[in-house]
Amino acid sequence: MAEHKWTMIVDLDKCTGCNACVVACHAENNVPVASEDEVKRGRGLHWMRIERYWEGEYPDVKARFMPVFCQQCGNAPCEPVCPVYASYHSEQENLNVQVYNRCIGTRYCGNNCPYRVRYFNYRTPEYDAPLEQQLNPDVSYRSAGVMEKCTFCIQRIRRARETANADNRELQDGDVQPACVQVCPSGALVFGDKYDHESRVTNMLPNERQFKLLEHMGTEPAVYYLKGGETDVGD
Amino acid sequence: MLETNAERVPFWEQPLPEDEKLAEQVEHERQEHLMLDALPPSENNALVLARMQQTTRLFWVLVLGLGGITLAFVVTWVIQMQYGIGITGLNRSVMWGPYIANLVYFVGIGHAGTFISAALRMMKLDFRRPIARAAEIVTLFGLATAGLFPFLHVGRLWKIFYMFPIPNQRGLWPNFRSALFWDATAITTYLIGSTMFMFIALLPDLAMARDHTSGLHRRIYRTLAMGWRGTEHEWHNLEVIANILSFVIIPVMFSVHTGVSWNFAMALQPGWHSTIFGPFFIVGALFSGVAAVIIVMIILRKMMGLGYFFREEHFNAMGIFLMLMSMAWVYFYFTEWIVNWYGNLPMEKALQSMLTGDLAPLFYLMLFSNIVVPLGTLWSRRVRTSLPAMLVICIFIQIGMYLERIIIVAGFLSRNELPFNWVNYTPRWPEVVITVGALAFLALMYTVFTRLVPIIPVWEVYEGQAMHTPRRFGRAIFSVRTEQH
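Quick note, the sequences are listed as chains W and C, same order.
By our numbering, the letter at position 78 of the first sequence is numbered 74, and the numbering carries on one by one without gaps.
By our numbering, the letter at position 438 of the second sequence is numbered 449, and the numbering carries on one by one without gaps.
Among the hints, a few may not be true.
As the list claims (entries may be wrong) - Among chain W residues calculated to face chain C with C-beta under 8 Å, some are:
| no. | residue |
| --- | --- |
| 1 | R39 |
| 2 | Y81 |
| 3 | G101 |
| 4 | P110 |
| 5 | Y111 |
Unchecked claim - Coverage of chain W stretches by chain C, computed from C-beta distances (three or more under 8 Å per stretch; other residues unrestricted):
| no. | region |
| --- | --- |
| 6 | 102 to 108 |
| 7 | 116 to 127 |
Bear in mind the hints are in silico, worked out from the structure with no lab data behind them.
Computed from a prediction, not measured in an experiment: that's the story for all the values here.
Built from N, CA and C at the ideal position, the CB exists for glycine as well.
Generate the whole structure from the sequences, applying the supplied hints.
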């Protein structure tokens, strides 16, 4: 039995599509920035992305934003297909983790992810000086040929637990904040432990607006979305 | 006066009458059927050995040309290892592309050879005898070429040993739940089984080659023939082993392409997640595999002058089988799409609009090659026995079946559950060079192999000819098969 059930709530009503979470994620997790050319070839690489959908015909157009990142499925399709256990379910954190050193790059997990949140390193990332100085030492640097994906900032979870252990106390709600949650200016992202009865996420759920992405596929995601109302970019 | 039993001769053992018409019929049967057209074994041997030892200029041109393309294949692979999979056109949604389609295609080509040989042996259909080895070698090299593609496909080739069940200090094993692992297991089993099946039947011919060569060749064939002397005991063992292996290899054959199809069917990807994929892939594999065997037979007959062994009856029989496979393929293909269409799920509608949209040229060319061409022509015996026509039809089928795999792998992956991730795929030069290079590699190995081993199982042909005799029943001439025991 896992101690925690890390859960994210995304309030689509509050999301403005500002992409701050995307930038924060790149900085925190050493996510390589794909060149313009690569993006044109459909190789954009973001652990967290804002999906933008247009509704209606011009001029009566509405934009809808949906932040999508690894849903940390309880019944993850990416796990059973990996022939080498590079994609597996960690018992301690109750998350889907990707072991970069074990990954051989069959890319089966990427095909099997209905959310397409797994990214393959098609090239070895390059950083022009002095950008290599800003890499986060807590996160390993991935070479070409391995899959990677959002980890819910597992390095922050572990650090928070170690700090709590050192202080001889239990982890409290708010001790852990992934980079995206930390920077979200409108507070659309809420992160916490669903097994903790006092946490914010537990108090926010169940919510009449809640849904899970592609819930019908039986993947049991750990991310809850709260349905958005009218997000109008006209006028 | 009553005749004694000893004097009574049954009518079918009475000599054929000196009737001119009947003699014509017998002559016709002899020309039609290899089994009735026996040559002395020494002449058979000489014919096959002469073809095996003869290297014309055309042969060397072919070897050099194919070798050059294979070299380009190797160079591309090295470049890919150096710079990563990034040099291909794959993108964040289409993570599997032509490499996996090639894997399916080459396993498919390799599918038919051993199956034809083993299934026809099981059913005691003697027309298989001369074509058995040519077909088995297609299997052997088809599978060997297919076996390269997992290595070409992975991102970190130098770590691929993680996939093999090697005992290690950390107790880390491959994931036995992964379809990829079982696919690799089935292909390896089939490759080993097919090699054994081919090699067992090759022994008497290797011994024959040993007895008719000298010097280094003789030493090599002597080693390979493993001391075959041709005693009755050895022939009996050969028969038993070949029979056992042909029964064993057929279920393995089914497991191979079912395993390949499960890589797709077990995934959540729309267009892949289909229960019909197992039998559908097997039929598709036999379809393209039989067509590949026919292409090889035509080339062998033309280039090695094997008209005595590969006759119209063989092309006719293979053509009928090809047509049956075409019908079965059509049935499975449309069953799948009709179920999709009836289900009317949004994702599957997106796939259907893709087939008639972005993929329309490929889709219609595939339908034309796989349905219109074979079903429109193969019903006619004149087409089935005409070599140029058969060559064109079989090449169309190769194109059609290749496109089918490309559409399933790279085409369907470009549409998935969230429309934000719809990215189309266009191949770049490495995929093209690797695909063409793999075909050249297969052809090169086959070409070289025809000069190393007797491509016709001479002993099987002779054995069949010894068992068959023309007999007369009333006014008709039949070929009668005598069992050995």
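Okay, the hints, checked on the actual structure:
no.	hint	result
1	R39	holds (5 Å)
2	Y81	holds (5 Å)
3	G101	holds (2 Å)
4	P110	holds (4 Å)
5	Y111	holds (6 Å)
6	102 to 108	holds (count 6)
7	116 to 127	holds (count 5)
Every hint, counting from the list given before, is met by this structure.
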